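Take the given structure of chain Z and dock chain L to it, following the hints.
As given, the protein sequences belong to chains Z and L, one line each in that order.
Taking our numbering, the leading residue of the first sequence gets 24, the next gets one more, and so forth.
Taking our numbering, the leading residue of the second sequence gets 52, the next gets one more, and so forth.
Hint data in this document are derived by calculation from the structure and do not stem from the laboratory.
Keep in mind it's a predicted model, so treat the numbers as computed, not measured.
C-beta: ideal position from N, C-alpha, C; glycine also.
Careful: at least some of the hints might be erroneous.
Derived CB-CB ranges, DEER-like [what the hints assert, rightly or not]: (1) L:D447 to Z:E156: 52 to 58 Å; (2) L:P169 to Z:S65: 40 to 46 Å; (3) Z:V98 to L:G197: 51 to 57 Å.
Residues per chain, in single letters:
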Amino acid sequence: MSVHTFTLDGQPVAGAAGETILEVATEQGVSIPTLCHLDGLSSVGACRLCVVEVAGRPRPQPACITPVEEGMEVVTRSEELDEWRATVVEMLFVERNHICSICVANGDCELQDLAVDLGVDHFELPAMSPRLEIDSSHRLFAIDHNRCVLCTRCVRVCDEIEGAHTWDVMGRGIDARVVSDLGTPWGASPTCTSCGKCVQVCPTGALFEKGRAVGEGAKERRPFLPYLRRHGAGTR
Amino acid sequence: MAGEGRRGAPAAEPRRRLKNLVPPGPVRATAAVCEAASCLSAGAGEVHAGLVDGVGVRGLTDVAVKRVGCLGLCAAGPLVAVLETDRLHRGVSGADLTAVLDDLATADAASGMAEPDPFFARQVRIVTENLGRIDPESIDDYVAAGGYTALERALTELDPAAVLAEVTASGLRGRGGAGYPTGLKWRTAVKAAGADRYVICNADEGDPGAFMDRSVLESDPHRVLEGMALAAYAVGARKGYVYCRAEYPLALSRLRTAIRQAQRAGWLGEDIAESRFSFTVEVRVGAGAFVCGEETALIASIEGGRGTPKPRPPYPGMSGLRGAPTVINNVETLAAVPAIIRNGGAWYASTGTATSKGTKVFALAGRVRNTGLIEVPMGTTLREIVYGIGGGVVDDRPLKAVQTGGPSGGCLPASHLDMPVDYESLVEAGSIMGSGGLIVLDDRACMVDVARFYMEFCREESCGKCIPCRVGTTQASTLLTAITSGSATPRHLADLERLGEMMGAMSLCGLGQTAPNPVFSTLRYFRDEYRAHIEDRTCPAGVCAMAGTSSHPAVAGP
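Here chain Z stands alone, though its shape is the one from the complex (with noise of 0.2 Å):
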């Protein structure tokens, strides 16, 4: 397998093809924001938090799924970037109902630390307060759509790792939501396993165990995703 070198802000780095430029970086010790990747599961290059600037490019790429090539110039920080990725996190914030104090999460949220991370300390744009469901018809698991980033992460998990595919999405544009079964009650699911998987792999207190208080939502990390082996390095 070919290998491509290239420079990572200013640093000449080497990697093999089919890498992405998110992996070179991991493996250098760059830390870059990310929020709907997770290793061990595909890349959909959904939540633009890990957009890198390639020079030659007319618009930041995302690194999760862009893979290195000969030559190529990455800035992973500058002003613009950091605006703009404060701004994701504003947005993901203003669109739903994320309220640390009372979240099951608090403490064990990856939006709340790339909110801390990247200095989003208030909001600009107006909140949306939507009204919105919470799903508690599972025995052991309940899903709260105010908390959700839709990063589809249990969508992938399910699918790709359980092989159940009990979630997918529905609706689009503001309106879209993370369904169960096309919409049935997630306690009627007839595919979903109950496994937690996806629970496990929630980013923030939309997926969560019932019986948990606020706080108490910390994710147990059992080891089912690939992604154990490199963990740590890149996110929390």
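Frame of chain Z; chain L shown alone:
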């Protein structure tokens, strides 16, 4: 009763199949009844039935009546053309066909051509050459007009590389809007590794006010199939798909008819024209998502998945449908290919400008006299299109702006009327070529309201996959609504510009990346109107119901 039905109200009859009237002997005059969607909705069916009956009553045994596709001047439908003299009858009423029948009684090829209307005289028709001439439901008509000769020539005289070379030499660029060189796109698919290859025709036309693809499919569906077969031959594909939106039932039905006929005639299927080339076409119907016109979303939809885009690269030419190299072209692009192969790439490249070759089909709409379908050489000025061909603004009002490129495009002010229409000039002026929707706005249009309309369109059509588009279009709509309702502050405008820049740079696909374009172009040319809405709380065009003005007394401010 039968006689009464004839003269009275044929429209009230259950939708009867309209048969062409073909006289037994030589034809002296042919009445071509436009039966594309817009004329049909204006009563072309009645006209057709009435003409068949009227010709019979008058005993005109050498007159033919046939259905044709779009005659172009959609504003004046139902339209009937007498093919031998090119005389066009406008606004024909099924209840009174005397004028048309009188014309048919005397017209013949010797009676001379009618004075051509400037609407037609100033057009150059390549893609639309058969529109209004042939019966879209008859493969014989298409073949009689030279149809499938390009495919036959390619299969018998040219190897795939030669077909590709002609298309490359023609300089043809994607007519869906982005203007990517078609030859390069095909070449990519040829060079990409893969056992299977596919050709997809993108007929998911969704821009408000755009109807080029619909008109071509409704009027000359075989041409699109021939273009697809040529593309397939050039890149080595055996299977093609037409992805057409469900909102185009007539286009879909004529396309399906055409596929059936082409299969029966051996222009699709195994061993076409006794060559070893095989190609089949399947129709896939869209389910009402604008974003499925984006190529990766379209492919996901054909694969049976949720119609959401994927980041590119990889481009479909390298890895598209089911991971195979896929050529995906717009209807108009593919419809240009048969003419290129028939006449050569150099012939096509002789029309147009240095970087934009050939012709472009536009759907002329809005406050223009001659609403309709036109085809002009690239580089034609907006003035020529709007005033020369379009006949000017309705009621001779002043022109305020021309909107091109739909929700991804922008509004060009009257000062740009002498700008040539080509890919580069439009981008430089802050708009895009787009698929060909061209909407004329007069002085009664509020540009902020226009921007709001397009942003709301994008909000409704955002798939929701990436956050900059999902939340950005929603927030921008809210900001624009605040401006058009008179409750905005200068801060709203600053936020809007900040959001627009962020969406443009950060969105995953073209929908979100270009969604701010109508805002940016109206800000560039009509910032004063935004200021009037925000600072003076007035809408200069009188369109927006501003809080505090007399139009909304209930919410009048202090």
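Hint numbers the structure violates, sorted upward? The structure conflicts with hint 2 only, although it agrees with all the remaining ones.
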